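Engineer: Generate the whole structure from the sequences, applying the supplied hints.
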Amino acid sequence: MHYLMSVELDQSGPGPTDEERERNLARVGAVNDRMKSAGIWVFAGGLLPYDSATVVRVENGSTTMTDGPFAETKEQLAGFWVIEVDDLDAALAWAERCAEACEAPIEVRPFDGLA
Amino acid sequence: MVELRSASSPAVDLTSVYRAEYGRCVATVARLLGDIGLAEEAVQDAFAVATERWGEEVPPDNPGAWIVTTARRRAIDRLRRESTREARHTQALLLHGPDEDEEVGPVRDDQLRLIFTCCHPALSPLAQTALTLRLLGGLEVPEIARAYVVPEATISQRIVRAKKKIRDAGIPYRVPGEAELPARLPPVLTVLYLVFNEGYTATAGPLLRTDLSAEAVRLARALADLMPDEPEVLGLLALLLLTEARRPARVGPSGELVTLAEQDRTLWDRALIAEGHELVRRCLRRDRPGPYQIQAAIGAVHTDGPATDWPQVLALYDQLLALVPTPIVALNRAVALAEVQGPAVALAAVEELDIPGYHLLPATRADLLARLGRVDEARAAYDEALALAGNDTERAFLQDRRARLAP
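Respectively, the protein sequence lines represent chains A and B. 5 is the number that the working numbering gives to position 5 of the first sequence; each next residue is one higher, with no gaps. Add 1000 to the 1-based position in the second sequence for the working numbering, that's all there is to it.
Calculated from the structure, these hints are not laboratory results. Everything numeric in this text was worked out from a predicted model, so none of it was measured. Virtual Cβ for every residue (Gly too), placed ideally from N, Cα, C. Just to be clear, a hint being listed does not mean it is correct.
Claimed, not checked - Label-pair ranges, simulated between beta-carbon atoms:
id	chain 1	residue 1	chain 2	residue 2	range
1	A	Phe111	B	Glu1178	51 to 57 Å
2	B	Val1340	A	Glu103	42 to 48 Å
3	A	Glu75	B	Ala1153	27 to 33 Å
4	A	Met1	B	Pro1356	38 to 44 Å
5	A	Phe111	B	Pro1356	37 to 43 Å
6	A	Thr73	B	Glu1278	55 to 61 Å
7	B	Glu1278	A	Met1	40 to 46 Å
8	B	Arg1167	A	Pro14	40 to 46 Å
9	A	Val56	B	Glu1178	46 to 52 Å
10	A	Thr64	B	Gly1390	36 to 42 Å
11	A	Asn60	B	Arg1073	54 to 60 Å
12	A	Asn24	B	Ala1315	20 to 26 Å
Unchecked claim - List time: in silico EDC-like cross-link candidates among lysine to aspartate or glutamate, alpha-carbon distance up to 16 Å:
id	chain 1	residue 1	chain 2	residue 2
13	A	Lys74	A	Asp10
14	B	Lys1165	A	Asp112
15	B	Lys1165	A	Asp87
Structural biologist: Structure (structure tokens):
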């Protein structure tokens, strides 16, 4: 099964220091390497802060674009992994490693299907 | 349910067959089908066939095996009729049979697999309990709803949602491996403990719901049978047995609550006590203490000899409080403290505690105040406890205690 593991981060406060960011990247890189050697890694990525987001809407044939994220919540999607494993227990075990690496909660959701 | 008779075999009580076999059948059929919801429907179908047939024909020697075979056939029929893509996939699995060599953990057993799936930490605690009672205990939704004092719709929604999540999120149907057990066993033990407690001191209505307690004991026995090397599993079973053993003395002739000190010890079930003590000794030999084992040891002290050895109980509560530093454990420890060092010391300990909505906190405070002769404060504390207690018998007990206070 394919699972999305997303990192939800409170981005309202001051961001991490350069040092913190370096350490974080190194830890996440190590998890990625383990996923790849386990053969379960499908795709992963980190996102730039949410102030870089733009929302596009098409309503009644006209398109509007607005600055900012879709949902004005404190916690915003900061990055994600897509993995392919046998079952939820396997996904949760990986999520534990990801949560440790990111020092943030990880939401695990199964895909309904993949294109 | 109807009682069935035939010429060659004694009466078959379908209700007791259902109670005894339902969970085991669902567990086995779930392994065969790879789908819990489908298994449940198929087993219900099979019991419906049994109800019709066992009245006319000689009931089978092994009703459980008959139910499993019939359920499996019914499921194949159902899948053929539905014949969706998903159904064809399941049907293929069914016909090829499961891979028997598949590694499933230290113990291979269907019921164990099912209980670990029902109590998966990805499900909410209420859903875990409801699913366990429904699938393993064969309890109906209204029974579960009554036991937990929640609307039937809430229970059935939780069960439907949980079964959907098990399927959609890919919660595996297996016993966790050794490495995962430390995280996966506690919710299973918690569910069995909660089910037992709900049967022992119902949150509303009459005091005892013997069926829930009996179900918890049955499941704990099955778990101990299947995981004899897990001391906390043995500890939980011992705790339940030693508590259950005192049930006959816990309520007096007119249904009133009888305190431990006033209980007629000759009414206690000696066989359950002996079994519980043996389990506690087995745990002690293993020397890997945990919260259930310590609580079982406390139960063993209470049921050992003509009177409770309170200093030993207090020492065990100290050990328990170190492992589980919760206000409820601290409150129970205070009760032992009162017996060893007197009500004044215990009252000081109780006054530090805050457990919102928990009637036993003011009830304990009331008792200690009464013993210290502080009657007005005791009365106020009983009133506070009465406002919080939902169980009729406990309310009657508190009212009686309050009435006995000196004017």
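Engineer: Hints first: check each against the structure and report whether it holds.
Structural biologist: Tested hints:
| no. | hint | verdict |
| --- | --- | --- |
| 1 | Phe111/A x Glu1178/B: 51 to 57 Å | violated (30 Å) |
| 2 | Val1340/B x Glu103/A: 42 to 48 Å | holds (46 Å) |
| 3 | Glu75/A x Ala1153/B: 27 to 33 Å | holds (31 Å) |
| 4 | Met1/A x Pro1356/B: 38 to 44 Å | holds (42 Å) |
| 5 | Phe111/A x Pro1356/B: 37 to 43 Å | holds (42 Å) |
| 6 | Thr73/A x Glu1278/B: 55 to 61 Å | holds (56 Å) |
| 7 | Glu1278/B x Met1/A: 40 to 46 Å | holds (45 Å) |
| 8 | Arg1167/B x Pro14/A: 40 to 46 Å | holds (43 Å) |
| 9 | Val56/A x Glu1178/B: 46 to 52 Å | holds (51 Å) |
| 10 | Thr64/A x Gly1390/B: 36 to 42 Å | violated (55 Å) |
| 11 | Asn60/A x Arg1073/B: 54 to 60 Å | holds (56 Å) |
| 12 | Asn24/A x Ala1315/B: 20 to 26 Å | violated (48 Å) |
| 13 | Lys74/A x Asp10/A | holds (5 Å) |
| 14 | Lys1165/B x Asp112/A | holds (12 Å) |
| 15 | Lys1165/B x Asp87/A | holds (12 Å) |
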